[in-house]
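Trainee: Work the whole structure out from these sequences, hints included.
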Amino acid sequence: MQHIKTGVIFGVLAGLFTFLFGGWSVTMLGIFAGAGLGLALENKLERGTQLAKAKEALPVALVAGGLMVALSLFGNFVVQPATGKFTALNTIVVAANILGFIAMVGLAMLTASFRGLDEKKEKTAKTILLAAIVIAFPFIDVFMNLRWTSNIIFALIFVILGLGLNIVVGYAGLLNLGYAAFFAIGAYTTGILSSPQHDIFLNFWLVIWLAAGMAALWGFLLGAPTLPVRGDYLGIVTLGFGEIIPVIFKNLIDVTINEPLTCWIIPGIQRLFGATSTVACINLVSHMDLTAGEKGINPIGRPILFGYEFQSNNTTPWYFLIILIIMLTVFLIQRMYKSRLGRSWMAIREDELASAQMGIDPVKTKLAAFAIGAVFAGFAGAFYAAYIRAIFPSVFDFSASIIILCVVILGGIGNINGVIVGGLVIMTADRLFLPALKDFLKGLLDFTILPALSSNPGLQAAVSQNANPILYRFLLFGLTLVIMMRVRPEGLIPSAQMRAVLHADEEIEAVQNDESKKAKKG
Amino acid sequence: MLELKDVHTYYGNIHALKGISLTVNDGEIVTLIGSNGAGKSTTLRTIQGLNKPRTGTVTLDGVQLEKLPAHEIAGLGVAQSPEGRMIFPRMTVLENLEMGAYARKDLTSYKDDLEHVLALFPRLKERITQKGGTLSGGEQQMLAMGRALMAKPKILLLDEPSMGLAPLLVELIFDIIKQLNNEGTTILLVEQNALMALSIAHRGYVLQTGEIILSNTAEKLKNDEMVQKAYLGVE
Ligand SMILES: Nc1ncnc2c1ncn2[C@@H]1O[C@H](COP(=O)(O)OP(=O)(O)OP(=O)(O)O)[C@@H](O)[C@H]1O
Ligand SMILES: [Mg+2]
Numbered sequence: 001m002q003h004i005k006t007g008v009i010f011g012v013l014a015g016l017f018t019f020l021f022g023g024w025s026v027t028m029l030g031i032f033a034g035a036g037l038g039l040a041l042e043n044k045l046e047r048g049t050q051l052a053k054a055k056e057a058l059p060v061a062l063v064a065g066g067l068m069v070a071l072s073l074f075g076n077f078v079v080q081p082a083t084g085k086f087t088a089l090n091t092i093v094v095a096a097n098i099l100g101f102i103a104m105v106g107l108a109m110l111t112a113s114f115r116g117l118d119e120k121k122e123k124t125a126k127t128i129l130l131a132a133i134v135i136a137f138p139f140i141d142v143f144m145n146l147r148w149t150s151n152i153i154f155a156l157i158f159v160i161l162g163l164g165l166n167i168v169v170g171y172a173g174l175l176n177l178g179y180a181a182f183f184a185i186g187a188y189t190t191g192i193l194s195s196p197q198h199d200i201f202l203n204f205w206l207v208i209w210l211a212a213g214m215a216a217l218w219g220f221l222l223g224a225p226t227l228p229v230r231g232d233y234l235g236i237v238t239l240g241f242g243e244i245i246p247v248i249f250k251n252l253i254d255v256t257i258n259e260p261l262t263c264w265i266i267p268g269i270q271r272l273f274g275a276t277s278t279v280a281c282i283n284l285v286s287h288m289d290l291t292a293g294e295k296g297i298n299p300i301g302r303p304i305l306f307g308y309e310f311q312s313n314n315t316t317p318w319y320f321l322i323i324l325i326i327m328l329t330v331f332l333i334q335r336m337y338k339s340r341l342g343r344s345w346m347a348i349r350e351d352e353l354a355s356a357q358m359g360i361d362p363v364k365t366k367l368a369a370f371a372i373g374a375v376f377a378g379f380a381g382a383f384y385a386a387y388i389r390a391i392f393p394s395v396f397d398f399s400a401s402i403i404i405l406c407v408v409i410l411g412g413i414g415n416i417n418g419v420i421v422g423g424l425v426i427m428t429a430d431r432l433f434l435p436a437l438k439d440f441l442k443g444l445l446d447f448t449i450l451p452a453l454s455s456n457p458g459l460q461a462a463v464s465q466n467a468n469p470i471l472y473r474f475l476l477f478g479l480t481l482v483i484m485m486r487v488r489p490e491g492l493i494p495s496a497q498m499r500a501v502l503h504a505d506e507e508i509e510a511v512q513n514d515e516s517k518k519a520k521k522g
Numbered sequence: 001m002l003e004l005k006d007v008h009t010y011y012g013n014i015h016a017l018k019g020i021s022l023t024v025n026d027g028e029i030v031t032l033i034g035s036n037g038a039g040k041s042t043t044l045r046t047i048q049g050l051n052k053p054r055t056g057t058v059t060l061d062g063v064q065l066e067k068l069p070a071h072e073i074a075g076l077g078v079a080q081s082p083e084g085r086m087i088f089p090r091m092t093v094l095e096n097l098e099m100g101a102y103a104r105k106d107l108t109s110y111k112d113d114l115e116h117v118l119a120l121f122p123r124l125k126e127r128i129t130q131k132g133g134t135l136s137g138g139e140q141q142m143l144a145m146g147r148a149l150m151a152k153p154k155i156l157l158l159d160e161p162s163m164g165l166a167p168l169l170v171e172l173i174f175d176i177i178k179q180l181n182n183e184g185t186t187i188l189l190v191e192q193n194a195l196m197a198l199s200i201a202h203r204g205y206v207l208q209t210g211e212i213i214l215s216n217t218a219e220k221l222k223n224d225e226m227v228q229k230a231y232l233g234v235e
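As you go down the protein sequences, you meet chains C and D in turn.
Under the numbering used here, the first residue of the first sequence carries the number 1, and numbering increases by one thereafter.
Under the numbering used here, the first residue of the second sequence carries the number 1, and numbering increases by one thereafter.
Hints are computed from structural coordinates only; laboratory data are not their basis.
Under the rule of at most 16 Å between Cα atoms (straight-line distance), these lysine to aspartate or glutamate pairs were calculated in the EDC-like manner:
no., chain 1, residue 1, chain 2, residue 2
1, D, K111, D, E98
2, C, K364, D, E72
3, C, K338, D, E98
4, D, K67, C, D361
5, C, K338, D, E95
6, D, K52, D, D6
Mentor: As structure tokens, this is what we get:
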């Protein structure tokens, strides 16, 4: 019965989303919701044979699939027309709904049946299913003409950023409120080294490493003087850094570097003796426009692989490139987490003084977290610059840092899977859901609501001006965070460690209560 | 092996150690006794590099420690079971013990050492997967000591290892200290329980408001009239 509830949630949510996107979206949502439902059930089911588990999942899957299709059809014939889009019962609608139903039921049962496998095989099976969906997604997307891939790519950029920041905040426990600065440094390194701005056109595959290296260098330079600063103060310092970097990039439009010997030192000495300067000042760089200021650097070079140049209108190669970068990122971070360095991050987060007693160098350990965290921002920045082809300082401001922090916190501090889910949820909400909701509301307003309000022009104007959910982006962010912190402070998918952090006090209290009770009795 | 010469340590303006000189020889148990606030913990913290002496020298086997950062001193074979325990509350007992061995270069005997520590403290073995912060006070004390042992130190600094333990366990801890010493570990022991400390130590120093006022063999200190009056509670 309780499983049916899960089915209802998945079915209704998927169904409601079809209102926004229409068309083939019901099939795509069926695939995601089916796999998601299967995974959700799979965790809760007792172990048994595969067939039994699939059978157990069947009624739940049928409920979910049925609800989704019912809502989708309701959307097609009642809701969509209210927004001005008339759809007839054509073959696409029929095919999309039938396929969506099959995908939902089939995938939910398939995934649930993994519970019948032994633990190792269960994990492999899940990985294969996930890989299949990840690989198939862009092709299905193109086929269905949904154009979700470009938004997902955005989400994946923030997944990398979240994974990098997670090293600093989650593993080493250092607050960094200016992480987007490293994202900017990666992007600008790429922009400067592969654009007509300076007529330098380095290969993307080289530039991405340079960008990462540059970000790491700045992580090091920022970290070295500031890391002895603790806790809240570190937050403020990084906040300042995050504010300064975009401003610097905005203002590096007229760079002149004088050679000090001929420009200052020799003339200075001459003037000291009352003579007028006779040496010509040599300018190493004179009036160079390094970053193009607010105009931004544009167009930035694209990756070329085996003679094929990535194109803006074909998102599939970009998608696989960023998936590759994420896989590399996850691999590296997992290796580090299990290493001696990972251990010392944990220890520093727990107790710096005790760590020093164990022989851990606190400054070096924190510096490593800062610089390595920045590396991944460098990767993300390079990809972003090449993908968007133009970069502006305003993209990397404080709000970007905060969004990345939200990805980490919402997903689950200290947990790789959590951060991935956090990034996908926040950024698809921001890039895909909110714009779709905006169009949907606009249609609904123009076609149904505003005409109904025609008797009251003031109200009509107020409603039409404020019914744009994108205006409330940060309000929604804030609300989500507040709610999360109240309900589930450890994030969507918490790490065991973090759960312990946030609930250790309760645990400790429980043990102490136990003991004091015992003591009273005794 | 360990030698402090005229060490002065300050906390801001507070002159906590006013010229401490002491030695600990290879294979000895040396105890520091003194009333609250005398500077016993500060002495241990100074040896470990958590506080830096303003003047004076600390040498271990000829290596000068007083300028080195704490983590390097740990690498040279100094381990402490500190006052207030300072265990990692969110790591398990096992992970805490593993952290103890962090500074070791030679890990060949790691498994045996772990088993040895768990044999000394069977309580820790029972709670091996429990989070350090959820252990009882006494168990945390054992963990702090076990963690210091995992470092296989040249010199083990113990700051009130019997604090918060039930009387039976206090005796057990002192037996363990004795046993460790018999196995060859050099120990500098700070204790409130001066009688117990003097009965297992070879030598002792008496500390008063940051100065050493007396030093002698443990046997002689135990029979010293002043010590008896001030620290052993004998009228
Ligand atoms: N962090 C600190 N800041 C300022 N003063 C300190 C600090 N730590 C210790 N002191 C002072 O230094 C002196 C010596 O302290 P210490 O902790 O070494 O005493 P102790 O002999 O270990 O006492 P106890 O037996 O109570 O543990 C005390 O007067 C104490 O108040
Ligand atoms: Mg003390």
